[in-house]
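Dock chain B against the given chain A, drawing on the hints supplied.
Residue numbers (this note's numbering), protein chains in the order written: chain A, 1 to 580; chain B, 1 to 319.
The hints are simulated quantities; they were obtained by calculation from the structure and are not laboratory data.
Here are the simulated lysine-lysine pairs, DSS-like style, with alpha carbons at most 27 Å apart: (1) A:K445 to B:K66; (2) A:K101 to A:K132; (3) A:K132 to A:K210; (4) A:K406 to B:K66; (5) A:K138 to A:K231.
Here's a subset of chain A near chain B, in silico, CB distances under 8 Å, partners left out: (6) K368; (7) Q373; (8) V419; (9) Q429; (10) T433; (11) P466.
Just so you know, these numbers come straight off a predicted model, no measurement behind them. Yeah, the Cβ is synthetic: ideal placement off N, Cα and C, and Gly gets one too.
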Amino acid sequence: MRPRAAVAAGGAIALVVSLAACSKNTGEGVTVDIDRRQTGVIATDPKDSTGPAPAVPGAQAGGTFTIIRETPIAHLDPQRTYSFVGLLAAPLFARFLTTWKDDGAGNLVLVGDLAETPGNNVNDDCKLWEFKIKDGVKFEDGRPVTSKEIAYGIARSFDPDLAGGPTYLQEWLADNPQYDTVWDFTANRTGLPPGLSTPDERTLRFEFAKPRCDLPFAASLPSTAPLPPDKDTGINLGNAPFSSGPYKVTRYQAGVEVVLERNEHWDAATDPVRHQYPERFVWTFGPTPDAAANRVIADSGADQSALSWNYVPASLVSRVVGDAALRSRTILSPTPSANHLVINNRRVTDLRVRQALNYAIDREGLVKVLGGQHVAAPMTTLMPSSTIGHRAYDAYPAGLNGELEKARELLGGQTPELVLGAADSAVEQQVATQLKGNLERAGFKITIRNIPDDAKLDEIKKRDNPWDLYLSSWAADWPSGASILPVLYDGRSIRAEGNSNESYFNDPAINVELDRILALPPTEQGPEWAKLDERIMKEHAPVVPLYVDVAYLVHGSKVGGIFVSSVFGFPSLVNAHVKP
Amino acid sequence: MSERAERQDRRLAGRSPGQLAWLRLRRDRTALVSGAVLTLFVLVACGASLIELAYGIDPRDQFQGKLDGSGMPLGYAGGISTEHFFGLEPGLGRDIFIRLVHGLRWSLVIALAAAVLTAVIGVVLGTLAGYLGGWLDAVVSWITDLTLAMPFLVVALALTPTVTLRFYGQRDAVPPAFGIAVLIAIFAVFGWTSTARLVRGQVIALREREFVEAARASGAGLGHMLFRQLLPNIWAPILVSFSLAVPQFITGEAALSFIGVGLGEEIPSFGRMIYQSLEYLQTDPAFVFFPGVTIFALVFAFNLFGDALRDALDPKSVR
Chain A
1 MRPRAAVAAG GAIALVVSLA ACSKNTGEGV TVDIDRRQTG VIATDPKDST GPAPAVPGAQ
61 AGGTFTIIRE TPIAHLDPQR TYSFVGLLAA PLFARFLTTW KDDGAGNLVL VGDLAETPGN
121 NVNDDCKLWE FKIKDGVKFE DGRPVTSKEI AYGIARSFDP DLAGGPTYLQ EWLADNPQYD
181 TVWDFTANRT GLPPGLSTPD ERTLRFEFAK PRCDLPFAAS LPSTAPLPPD KDTGINLGNA
241 PFSSGPYKVT RYQAGVEVVL ERNEHWDAAT DPVRHQYPER FVWTFGPTPD AAANRVIADS
301 GADQSALSWN YVPASLVSRV VGDAALRSRT ILSPTPSANH LVINNRRVTD LRVRQALNYA
361 IDREGLVKVL GGQHVAAPMT TLMPSSTIGH RAYDAYPAGL NGELEKAREL LGGQTPELVL
421 GAADSAVEQQ VATQLKGNLE RAGFKITIRN IPDDAKLDEI KKRDNPWDLY LSSWAADWPS
481 GASILPVLYD GRSIRAEGNS NESYFNDPAI NVELDRILAL PPTEQGPEWA KLDERIMKEH
541 APVVPLYVDV AYLVHGSKVG GIFVSSVFGF PSLVNAHVKP
Chain B
1 MSERAERQDR RLAGRSPGQL AWLRLRRDRT ALVSGAVLTL FVLVACGASL IELAYGIDPR
61 DQFQGKLDGS GMPLGYAGGI STEHFFGLEP GLGRDIFIRL VHGLRWSLVI ALAAAVLTAV
121 IGVVLGTLAG YLGGWLDAVV SWITDLTLAM PFLVVALALT PTVTLRFYGQ RDAVPPAFGI
181 AVLIAIFAVF GWTSTARLVR GQVIALRERE FVEAARASGA GLGHMLFRQL LPNIWAPILV
241 SFSLAVPQFI TGEAALSFIG VGLGEEIPSF GRMIYQSLEY LQTDPAFVFF PGVTIFALVF
301 AFNLFGDALR DALDPKSVR
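Chain A extracted, bound-state conformation (with noise of 0.2 Å):
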């Protein structure tokens, strides 16, 4: 028995050793280019909005898509709709007032879908807004889709018993935050919510209180997917979505399976952007993100036309990247979620503890903790590069690895002590160990205190939390400043809790200059937030920016027309198609 165990056992040794030792690392690979520069216009040609959205070159009609996720989606339900699985599933069997043009090279364009036009600002003053529905639009069971039901979609969102989705346009209508308080759904099923009105079957039509010049972006979020109030099953739609879409859900197995198939009523000539290729998808849940990736990259019988949803692990980046045979299986792209180290304005009143934090980061050393650059790419703006009229600066040049001396220098000899409060997740408590090396280097004195996980983003949302510094992070609902700098730095609206502003930044001309160019016309705004952006941080430091997100997806060799959302991040579905 001994000998044999002993035999085994150096068996084992020498196995994983010659497999540890087989190849040299010598630290080669792709380098990622993710200094793309997004453009995002609103389309004024009518043309921009019809159908049918050009072929995709090489795609073919048949077959099944499979998609494989570790979560399943929460529901299917449209006007519930908020997590980026559930944004990018939608589109397959709900359109939307208006929808993204993208080419997933972040080259978009905002186009009308259900509408002729993404919107028409009736007065110039972004008070009173009207759509046009298209002509031969239909639901999955061949009645045509007009402005009753659209209307209807958007009004269903204000039962707060199907609370979960975006509220902008809840909120625009009611003029209040607390719109479900303004306009009672369940007392008024026939009627509408103030402001949203249909003079005929082919007119919607918004009115504001306030100037609301993002409607055209808020109407791509798929609140505005029509319902005709006879198949409103209530929070039952959730597993059987009511289909306006090029596809429609024909089996809802909770939590295991969702599958979708081709809605013959979906008329391609009136759609600017979705496909109808594959015969049907089909959503796999359970699998987590390692398992997914290994059955696509082993690239066996169904798992050919399967994608999987979560990017590549950090663990396995490097075996990806390593694979040349992979290379045309995968997809690189940045994404719009942008990562701060948000500092508590409350508690860090010193702006040059501010700045000396921002000359210290570390974020080469900060990307390779998260897997490297595969993983994350280094920000040092407040917006991510992927908003319109973005442009690049750096008001705390830090270099690679941190201008150390800067950041002694700012704090004259001081050794300021701040908590770092981190989730107690695997990678955070990594991250949040790199982080306090890298400032400790610099003249701080970092103590980590462990939050749990699930309490973490309730808990550092309330004003008075009690930590100094701490990670978040932020995906824009579409790509303008305007969901992002008012959001997270009008100091205005911090409230005892459920705060976006973490970093309870206030500062009075900073709240003006917000108003003045949120009531500028949609299309002049790019550069005005680009502007205060680099202002924000000159004068004030109020975060560090740290990273964006970068989307490494993985899919089988039968795949293809995938590509990255420039909006979301993730992959969109409209061009996807199954090769033969």
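Structure of chain B alone, referenced to chain A:
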């Protein structure tokens, strides 16, 4: 036994049971090898600071310059070199060798402290319950059953963060010693039951024997009865249960750190290292290999030595 040894045995009469056990242990090759391995581990653990001094690297030092763009160590087998004997961690780029040495120290400190505590609690409660019997026995047995019924992992998961909040404010640094103390306390609270049951059984078997009755008849006090009459006769099983408890606590610490309620990131720990390394099984097997093999060797050696010790102390029992 060889003939020569038998002859020696016959020639040398009059050995104490302890001497006999020592002789048996020394003849057992498994005991010798596992004992030597254990001694080596203990020496390394005790000399962790000296090794650090000689090696010149702090367990918190980061060598990110020796990682590639994806955060993987450059060079062969996870960055093994003459400077970094076991290579570097991917990501943070800390030295695996010195972290293992320190991890070994904390692992042994926690396991030994917990084993000593459980042994003391178990022996005291077990002898008292077994010897005095009556209501005390009933209460102790009842508490033992209750403790056994509590799910260890669930309670550990629920308690550790709560205890931290109870003693430290939201902004206070939690010293590493606190985390270690909490772990030891959790192990002690849950680990004493088996020793207590074992000791109680042994004491019940002994308490009606003649020598105990004789001592009692001559008016010996409770302390004398317990520590002079009963305990010396049940040392062997206690020692064995102690030596088998140590590896159990080593793996227990690793398991708790593995699920995130053990030691924090600042203390090098086997469990945390193994947990972090598992993801890298495909891309950096050396990172999985070294902590895995070390904890395997440590626990294996402890278990083998415990077995050998039992064979030596109690040669009549059948395995």
